Amino acid sequence: MLSYIVRRLLWLPFLLAIMIFITFWLGFYGPGSPEVVLLGQRYDPETAAVIKEQWGLNEPFALQYVKYVRNYVTLNFGESLTKYQGQPVARLLARRLPVTMELNAAAIALGVPLGIILGAIAATYHGRWQDRSIIFFTVLFRAVPSLVAGPVLLFVFAKQLKILPVGGWDGLFSASAILPVSILASGVVAGFARQTRANMLDVLSADYVRTARSKGLSEQMVMSRHVLQNALIPLVTILGLVLGSIVEGTLITETIFGIPGMGQLAFEAIGARDYPIIIAVTVLAAFIFALANLWADLFYGIIDPRIRQS
Amino acid sequence: MARLLEVNNLRTQFFTQDGVVNAVNGISYTLDEGETLGIVGESGCGKSVGVMSLIKLIPTPPGKIVEGSVIFNGENLIDMSDGEIRSVRGNKIGMIFQDPMTSLNPVLTIGRQIQEALELHMGMDKAQSKARAIELLELVGIPSAADRINDYPHQFSGGMRQRVMIAIGLSCNPQLLIADEPTTALDVTIQAQIVDLVKKLRDDLGMAIIWITHDLGVVAGLADRMLVMYAGMIVEEAPVKELYANPSHPYTVGLLGSLPRLDQVSGEKLDSIEGLPPDLIDLPKGCPFHARCKYRIEKCFTENPPLKTIGVGHKAACWIDVTKDPITTERPYQEV
Ligand SMILES: Nc1ncnc2c1ncn2[C@@H]1O[C@H](COP(=O)(O)OP(=O)(O)OP(=O)(O)O)[C@@H](O)[C@H]1O
Ligand code: SF4
Ligand SMILES: [Mg+2]
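First to last, the sequence lines map onto chains C and B. Mapping of the first sequence onto our numbering: position 168 corresponds to residue 168, and the numbering continues sequentially without gaps. In our numbering, each number is its position in the second sequence, counted from 1, plus 1000.
Only chain C is shown next, with the shape it has when bound in the complex (with noise of 0.2 Å):
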């Protein structure tokens, strides 16, 4: 177990690289550029090439990856190029990055006991019309998408009924986040409760639950002691799915809602062609995923003993 986590954090450094390498990639031959957008109106080619120079942009493509590499080795991640002209990418984030985090703990933190329960109750009224509704809405809220639940979410009770801001941010515990954090919740909600209610339908018909209920423990015990742990051992492998979803919920739903936080950094950023803010922004995002997975691999040691002992 530890000689797996240590080769798991070992890899890390690589994953970034690569995650530089595809981005930078993406940048370098992709259409428009950083210059360009600067200008804007004011584009003449004798400037433009100025400033490409000055910006090291006529640099072959390894050299340019090269030097970024080595300044990421360094903790120098750059200045933003176009969008927030000379700021430090670092401060950028800096600033960014708890409002992104506020708002996907908070989703986390509502949907994933949520979506457990809502999973648990399912399961134990299988077929019964508890089951029915409750797979119905997490049927609707994986079909919707943010980019449409969202706008009609805010005509509704921004526009008409005028109970919620229209956007903007004022922090985790104010109006402001409702919607947002509702919008994410309920994706984690949805596969949460799924996944919960087939783990246990699961686990029902295993044999140790019969064992279990041959030696006269009631219903609720079995449920508690027997069929939940082992329920909500392949839900670790899932969080680290939904976090997936979740990153790139926040770039959608931040943007729609005004909220400054990384994901409409990120947006804003690519946007102006603005590479060392597009970077950081994904080689972090890589870095919080692959955190979060190895975090997954360890919680399942705790929870399951065969895992734990090898």
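By construction, these hints were calculated from the structure, which means they are not laboratory data. None of the values given here were measured: they were computed from a predicted structure. Be careful, since some hints might not be right.
[Said to hold, decoys possible] Derived SDA-like pairs: lysine to any residue, alpha-carbon spacing no greater than 25 Å straight-line:
hint, chain 1, residue 1, chain 2, residue 2
1, B, K1200, C, L201
2, B, K1056, C, D207
3, B, K1056, C, A206
4, B, K1130, C, S205
5, B, K1056, C, L201
6, B, K1126, C, L228
7, B, K1130, C, I303
8, B, K1056, C, L63
9, B, K1064, C, A206
10, B, K1064, C, W295
11, B, K1056, C, I303
12, B, K1130, C, L201
[Unchecked claim] Computed, partial: chain C to chain B, Cβ under 7 Å:
hint, residue
13, D207
14, Y208
15, T211
16, S214
17, K215
18, S224
19, H226
20, Q229
21, P305
22, R306
[Unchecked claim] Some residues of chain C that are not near chain B, with every Cβ distance over 12 Å (derived):
hint, residue
23, A106
24, L232
25, T282
Glycine included, every Cβ here is placed at the ideal spot set by N, Cα and C.
Given chain C's structure and the hints, the job is docking chain B with the ligands onto it.
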């Protein structure tokens, strides 16, 4: 010996999408204190459902005990409330199952899984139940029991896990131990060890046993009396020696014929019963065995023979007498 168990006309069905599965069709038998009853029959003939119905361990829905009574110590278990029957399960009636690899919870320690029943039924605290669990593990022959109590099931071999299952089944000193094919999943040498262990424990502790198997060879040295089941019915009942010496139902004759013998090339089955058991959703008219029976006569197609006494403690459900009547056909019968 005093009567411990009396099963009367027990009938259990499963209400599935394909139709009603007639898993157990009105079986009756008795068991005395300390007696060992073997139940044999091919796969799917209702052995497990039959014994699980005794303690209402049938998944409901789709299953339902639709008829019959189970008198245990003078009380009808079928009429008991959920709470009442739970105080019998694992307490007065212990159970062990076929597959020791999947019958123990992988995330709980062996100790916890034994102690659970002790704390529930015997009102022991953690320290008492732990001491008793160690004692039980020693009883079933697990070396250095005091250390192994904190181990998880995956750290035990199949045979050792079945010993743990036996410890769980016996933990509260049951009057009846139900063993549902406890050796089927184990290899031959381990099978013999488990049978010997149960025999020894029975002689020491004096509980009654219902031992299910589809292998007549395994129970020969263990059981006092045997039931032969077919299509959810009892087709023959006899003291164990009598059954082996004078099998009186053509199905039992077939089962005994398919027993591996010493002079036989390994893997080859002599005289195994041709054909398949009937569909329990759509039971045929007449004797349930008629499609595969070599002795069948006209009447077998229309009337189901009752289980009637043919000797001392010996009953069979058949219209003919296999010792006198001739074989009438060699081919299984196909309904068209
Ligand atoms: N939950 C269930 N739903 C529907 N049918 C069931 C269910 N459980 C058992 N049955 C049916 O009841 C019949 C009897 O099954 P049972 O498990 O008692 O057989 P068995 O004699 O124990 O066989 P084996 O030797 O394979 O253990 C089978 O035909 C089976 O398909
Ligand atoms: S009643 Fe008829 S079919 Fe049934 S076992 Fe006897 S002879 Fe065979
Ligand atoms: Mg069975």
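Here's how the hints hold up against the structure:
1. With a C-alpha separation of about 39 Å, the suggested pairing of B:K1200 with C:L201 is violated against the 25 Å cut-off.
2. The straight-line distance between the Cα atoms of B:K1056 and C:D207 is roughly 16 Å, inside the 25 Å bound, and the hint therefore holds.
3. Among the hinted pairs, B:K1056 with C:A206 is consistent with the structure: their alpha-carbon atoms are about 18 Å apart, no more than 25 Å.
4. In summary, the hint linking B:K1130 to C:S205 is not supported, as the alpha carbons are separated by about 29 Å, beyond the 25 Å threshold.
5. For the suggested pair B:K1056 and C:L201, the alpha carbons sit about 21 Å apart, so the restraint of at most 25 Å is met.
6. Simply put, B:K1126 and C:L228 have alpha-carbon atoms about 22 Å apart, close enough for the 25 Å limit, and the pair holds.
7. At most 25 Å may separate the alpha-carbon atoms for a hinted pair to count; B:K1130 and C:I303 meet this at roughly 23 Å.
8. For a cut-off of 25 Å, the pair hint linking B:K1056 to C:L63 is broken: about 75 Å separates their Cα positions.
9. About 20 Å separates the Cα atoms of B:K1064 and C:A206, which keeps this hinted pair within 25 Å; it holds.
10. Pair hint B:K1064 plus C:W295 does not hold up; C-alpha atoms about 46 Å apart against a cutoff of 25 Å.
11. About 32 Å separates the Cα atoms of B:K1056 and C:I303, which puts this hinted pair outside 25 Å; it is violated.
12. Taken as a hint, the B:K1130 and C:L201 pair is broken in the structure, with Cα atoms around 32 Å apart against an allowance of 25 Å.
13. Given hint, C:D207 at the interface with chain B, holds; its Cβ is 4 Å from that chain's nearest Cβ, closer than 7 Å.
14. Taken as an interface hint, C:Y208 checks out: its beta carbon lies about 4 Å from the nearest beta carbon of chain B, inside 7 Å.
15. Here the hint on C:T211 is kept, as its CB sits about 5 Å from the closest CB of chain B, short of 7 Å.
16. A distance limit of 7 Å between C-beta atoms decides the matter here; for C:S214 the minimum to chain B is near 4 Å, and the interface restraint holds.
17. A distance limit of 7 Å between C-beta atoms decides the matter here; for C:K215 the minimum to chain B is near 4 Å, and the interface restraint holds.
18. The restraint placing C:S224 at the interface with chain B is violated, with a minimum CB-CB distance near 12 Å, outside the 7 Å limit.
19. Contact between C:H226 and chain B, as hinted, is supported at the beta carbon level, the nearest pair being about 5 Å apart and thus within 7 Å.
20. At its closest, the beta carbon of C:Q229 sits 5 Å from a beta carbon of chain B; the interface hint therefore holds under the 7 Å criterion.
21. For C:P305, the interface hint holds, the least distance from its beta-carbon to any beta-carbon of chain B being 4 Å, beneath 7 Å.
22. With a least beta-carbon distance of about 5 Å to chain B, the hint placing C:R306 at the interface is held under the 7 Å criterion.
23. Listed as a non-interface residue, C:A106 keeps its Cβ farther than 12 Å from every Cβ of chain B; the least gap is roughly 30 Å.
24. In this structure C:L232 is not separated from chain B by more than 12 Å, as the shortest Cβ-Cβ distance comes to only about 10 Å.
25. For C:T282, the condition that its CB be more than 12 Å from all CB atoms of chain B holds, with the nearest at approximately 38 Å.
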